[in-house]
Amino acid sequence: MAAILVAILAYILLLPYVGHSIAATLLILVALQAIGGQRWPMKIVLSVAIGFGSYYLFNTLLGTTLPRGIWFE
Amino acid sequence: MNPIEGLFYGFSLSLIPTNLFAVFIGVLVGTLIGVLPGIGPVGTMALLLPITLKMRPEAALIMLAGIYYGAMYGGSTTSILVNVPGEAASVVTAMDGYQMAKKGRAGAALAVAAVGSFIAGTLGVIGLMLFAPTLAKFALSFGPPEFFAIALLGLFALSQLSGGSLWQSLLVLALGLVLATIGMDPVSSLPRYTFGLTQLTQGIELVPVVMGLYGIAEVLFVAEQAGGLPRITRVRFHELFPSLSEWRRALPAVFRGTGVGFFWGLIPGPSPILSAFTSYKLEKRVSKHPDEFGQGAIEGVAGPESANNAATEGAMVPMLSLGVPFTPGTAMLLAALMIQGVQPGPLLIAEHPEVFWGVIASMYIGNVMLLILNLPMVGIWVKILQIPQSVLLALIILLTLLGAYTINNSLLDLGVLLVMGIVGYILRKVQFDISPMVLALVLGPMLETTFRQSLFLNRGDPLIFIERPISGFLLGVLLFFFLLPLIRRVVAKRRPQNL
Numbered sequence: 001m002a003a004i005l006v007a008i009l010a011y012i013l014l015l016p017y018v019g020h021s022i023a024a025t026l027l028i029l030v031a032l033q034a035i036g037g038q039r040w041p042m043k044i045v046l047s048v049a050i051g052f053g054s055y056y057l058f059n060t061l062l063g064t065t066l067p068r069g070i071w072f073e
Numbered sequence: 001m002n003p004i005e006g007l008f009y010g011f012s013l014s015l016i017p018t019n020l021f022a023v024f025i026g027v028l029v030g031t032l033i034g035v036l037p038g039i040g041p042v043g044t045m046a047l048l049l050p051i052t053l054k055m056r057p058e059a060a061l062i063m064l065a066g067i068y069y070g071a072m073y074g075g076s077t078t079s080i081l082v083n084v085p086g087e088a089a090s091v092v093t094a095m096d097g098y099q100m101a102k103k104g105r106a107g108a109a110l111a112v113a114a115v116g117s118f119i120a121g122t123l124g125v126i127g128l129m130l131f132a133p134t135l136a137k138f139a140l141s142f143g144p145p146e147f148f149a150i151a152l153l154g155l156f157a158l159s160q161l162s163g164g165s166l167w168q169s170l171l172v173l174a175l176g177l178v179l180a181t182i183g184m185d186p187v188s189s190l191p192r193y194t195f196g197l198t199q200l201t202q203g204i205e206l207v208p209v210v211m212g213l214y215g216i217a218e219v220l221f222v223a224e225q226a227g228g229l230p231r232i233t234r235v236r237f238h239e240l241f242p243s244l245s246e247w248r249r250a251l252p253a254v255f256r257g258t259g260v261g262f263f264w265g266l267i268p269g270p271s272p273i274l275s276a277f278t279s280y281k282l283e284k285r286v287s288k289h290p291d292e293f294g295q296g297a298i299e300g301v302a303g304p305e306s307a308n309n310a311a312t313e314g315a316m317v318p319m320l321s322l323g324v325p326f327t328p329g330t331a332m333l334l335a336a337l338m339i340q341g342v343q344p345g346p347l348l349i350a351e352h353p354e355v356f357w358g359v360i361a362s363m364y365i366g367n368v369m370l371l372i373l374n375l376p377m378v379g380i381w382v383k384i385l386q387i388p389q390s391v392l393l394a395l396i397i398l399l400t401l402l403g404a405y406t407i408n409n410s411l412l413d414l415g416v417l418l419v420m421g422i423v424g425y426i427l428r429k430v431q432f433d434i435s436p437m438v439l440a441l442v443l444g445p446m447l448e449t450t451f452r453q454s455l456f457l458n459r460g461d462p463l464i465f466i467e468r469p470i471s472g473f474l475l476g477v478l479l480f481f482f483l484l485p486l487i488r489r490v491v492a493k494r495r496p497q498n499l
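For the record, the sequence lines run as chains P and Z.
Residue numbers for the first sequence follow the working numbering, beginning at 1 and rising by one.
Residue numbers for the second sequence follow the working numbering, beginning at 1 and rising by one.
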């Protein structure tokens with residue numbers, strides 16, 4: 001479970017720099033790996049879909065302002 | 001307003017499309033998170049708290065209350081079919097419910113659980129409707145010393161009843177009170193323990209704390225045990241009808257469970273869980289065939305399931321009439337009211353009848369919706385369980401992070417979430433109950449303000465707490481609670497000598 005906690009910490013630290021999409025993709029990937037049950041290609045597809053999908057869903061449809069990341073401004 | 005007028009008024013409000021939608025979303029989400037392991041009603045209510053800001057007060061409360069009692073319905077489904085209680089209050093249901101499923105009576109168990117929940121839920125609302133206004137009227141004469149005594153009694157009774165040793169609970173309680181002191185001093189308006197952080201002058205945000213304790217910690221806990229897909233018992237629609245003899249055994253258990261549950265709800269403590277256990281023990285005691293319990297006794301499903309539903313509604317009585325929550329779930333409801341600028345307390349029913357009667361009426365509607373959602377549509381919820389657990393847990397982690405971040409767009413809140421997640425996980429690992437912490441965090445400011453106001457009233461003389469009859473009585477009860485373990489020990493020591 002340490003992996004998940006480190007991933008959450010990494011998400012918090014990375015969020016202002018790389019933005020929500022990439023930070024969330026990494027977080028989901030680590031969580032899926034740590035809990036287990038998926039094959040590798042599936043893990044990557046899922047984490048990218050959830051990471052970028054949640055950015056779109058929250059910022060476009062729910063009107064929140066999740067960071068895009070100062071590296072991409 | 002008498003109950004009949006109030007009810008008409010309430011229905012006229014809760015039948016407005018937006019409020020009808022709010023109760024539907026509430027019970028739908030409630031059932032969903034009741035089914036899913038890894039997130040319970042308290043964490044979900046915290047998650048949705050920021051969203052309710054944009055809603056009218058009654059709609060906000062209608063939705064959150066829907067989650068609160070809806071989760072009790074959903075929790076039974078997974079207990080019976082998969083032997084995985086989706087919700088802590090359904091642990092008891094799994095004992096006999098899963099055994100019934102193994103014997104091919106899963107349909108009957110589901111039906112009895114849902115109908116029992118419905119009967120208990122509806123009777124519980126009637127109790128709430130009749131009881132809360134009376135209590136509120138009585139509480140109108142309460143001053144700061146009385147509220148101080150009630151809050152203190154609530155906190156300590158919860159610590160006493162929530163299992164584990166008293167000192168464990170008191171430690172968790174103290175931790176919550178310490179967190180509650182961060183921010184602006186409520187009397188002098190000076191910032192304290194803010195370490196120079198401007199954001200902390202508003203105090204620690206409640207949502208990240210609760211989502212850390214109940215969301216992240218729970219996910220970590222479930223993730224450890226996560227394996228492959230659970231084996232799920234299939235249920236067809238025509239199996240959902242218990243036989244006549246099963247009904248005859250279940251119905252008295254439902255009514256007994258309702259009584260037990262509502263009573264437990266009124267007093268401070270983790271009532272849904274405790275009431276389920278009490279009801280189970282009671283059913284076993286009055287049963288003609290106690291040996292069947294644990295082997296699939298239908299009373300063992302009907303009683304506890306009814307009890308936990310009635311308890312959620314009983315627990316709303318002190319919250320709505322006194323403004324004092326006794327459980328983490330009602331603490332969330334109270335937080336929702338305060339965010340809306342609605343002042344909780346004995347005047348709530350008189351000053352905001354739309355909130356009180358709107359919620360009451362919506363609960364009748366919500367219980368009907370839940371019966372439909374949980375019986376004919378049980379198949380859908382079972383399908384949801386087939387989503388791989390890793391994906392589900394990863395999604396819950398992300399949602400809690402997003403929920404915590406979007407309140408203030410602040411990284412500090414995310415930090416609080418993570419730290420509280422770790423704290424909650426550790427406390428769970430060493431089998432400490434975390435609910436005193438949430439309650440302490442919500443009741444902390446009230447405890448402090450009423451304490452200091454009381455002292456102002458009496459020029460700094462603390463005797464005021466004992467001189468006023470009601471607060472004196474309540475503090476006496478508190479003293480009794482404290483001495484109870486000691487009395488028990490003395491009695492236990494004496495007994496062998498007498499034999």
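What the hints contain is simulated information worked out from the structure, not anything from laboratory work.
Values in this document were obtained by computation on a predicted structure and should not be read as measured data.
We treat Cβ as the ideally placed atom computed from N, Cα and C, and that holds for glycine.
One or more of the hints may lead you astray.
[Said to hold, decoys possible] Derived CB-CB ranges, DEER-like:
#: 1; chain 1: P; residue 1: M42; chain 2: Z; residue 2: S189; range: 21 to 31 angstroms
#: 2; chain 1: P; residue 1: F72; chain 2: Z; residue 2: K54; range: 28 to 38 angstroms
#: 3; chain 1: P; residue 1: I44; chain 2: Z; residue 2: L484; range: 17 to 27 angstroms
#: 4; chain 1: P; residue 1: Y17; chain 2: Z; residue 2: Q453; range: 46 to 56 angstroms
#: 5; chain 1: P; residue 1: L57; chain 2: Z; residue 2: Q202; range: 51 to 61 angstroms
#: 6; chain 1: Z; residue 1: I380; chain 2: P; residue 2: P41; range: 24 to 34 angstroms
#: 7; chain 1: P; residue 1: L13; chain 2: Z; residue 2: E239; range: 45 to 55 angstroms
#: 8; chain 1: P; residue 1: M42; chain 2: Z; residue 2: K54; range: 31 to 41 angstroms
[What the hints assert, rightly or not] Residues from chain Z that face chain P, not an exhaustive set, calculated with beta carbons under 8 angstroms:
#: 9; residue: S188
#: 10; residue: A223
#: 11; residue: L395
[Stated by the list, open to error] If you want the footprint, here are the derived chain P segments under chain Z, 3+ residues with CB under 8 angstroms:
#: 12; segment: 23 to 33
#: 13; segment: 50 to 63
Status of each hint after checking the structure:
1. Checked against the given bound of 21 to 31 angstroms, the beta carbons of M42 of chain P and S189 of chain Z, roughly 55 angstroms apart, lie outside it.
2. F72 of chain P and K54 of chain Z have their C-beta atoms about 29 angstroms apart, which keeps the hinted 28 to 38 angstroms range intact.
3. For the hinted restraint 17 to 27 angstroms between I44 of chain P and L484 of chain Z, the CB-CB distance of approximately 57 angstroms leaves it violated.
4. Hint check: Y17 of chain P to Q453 of chain Z, Cβ distance near 48 angstroms, so the stated range 46 to 56 angstroms holds.
5. In this structure, L57 of chain P and Q202 of chain Z break the distance hint of 51 to 61 angstroms, their C-beta atoms being roughly 28 angstroms apart.
6. Taking 24 to 34 angstroms as the suggested C-beta distance range, the pair I380 of chain Z and P41 of chain P conforms, at roughly 29 angstroms.
7. Evaluation of the 45 to 55 angstroms hint for L13 of chain P and E239 of chain Z yields a pass: the beta carbon distance comes to about 52 angstroms.
8. One distance hint, 31 to 41 angstroms for the beta-carbon pair M42 of chain P and K54 of chain Z, holds here, with the actual separation near 37 angstroms.
9. The beta carbon of S188 of chain Z is not positioned within 8 angstroms of any beta carbon in chain P (closest approach about 34 angstroms), and the interface hint is therefore violated.
10. Below 8 angstroms, beta-carbon pairs count as interface contacts, and A223 of chain Z has one with chain P at about 5 angstroms; its hint therefore holds.
11. Taking 8 angstroms as the C-beta contact cut-off toward chain P, the hint placing L395 of chain Z at the interface holds, the least distance being around 7 angstroms.
12. Coverage of the segment 23 to 33 of chain P by chain Z holds [criterion: at least 3 residues with CB-CB distance below 8 angstroms; count 5].
13. Residue count for the segment 50 to 63 of chain P with a Cβ under 8 angstroms from a Cβ of chain Z: 3. That meets the three needed, and the coverage hint holds.
Consistency note: the structure conflicts with the earlier hints numbered 1, 3, 5 and 9.
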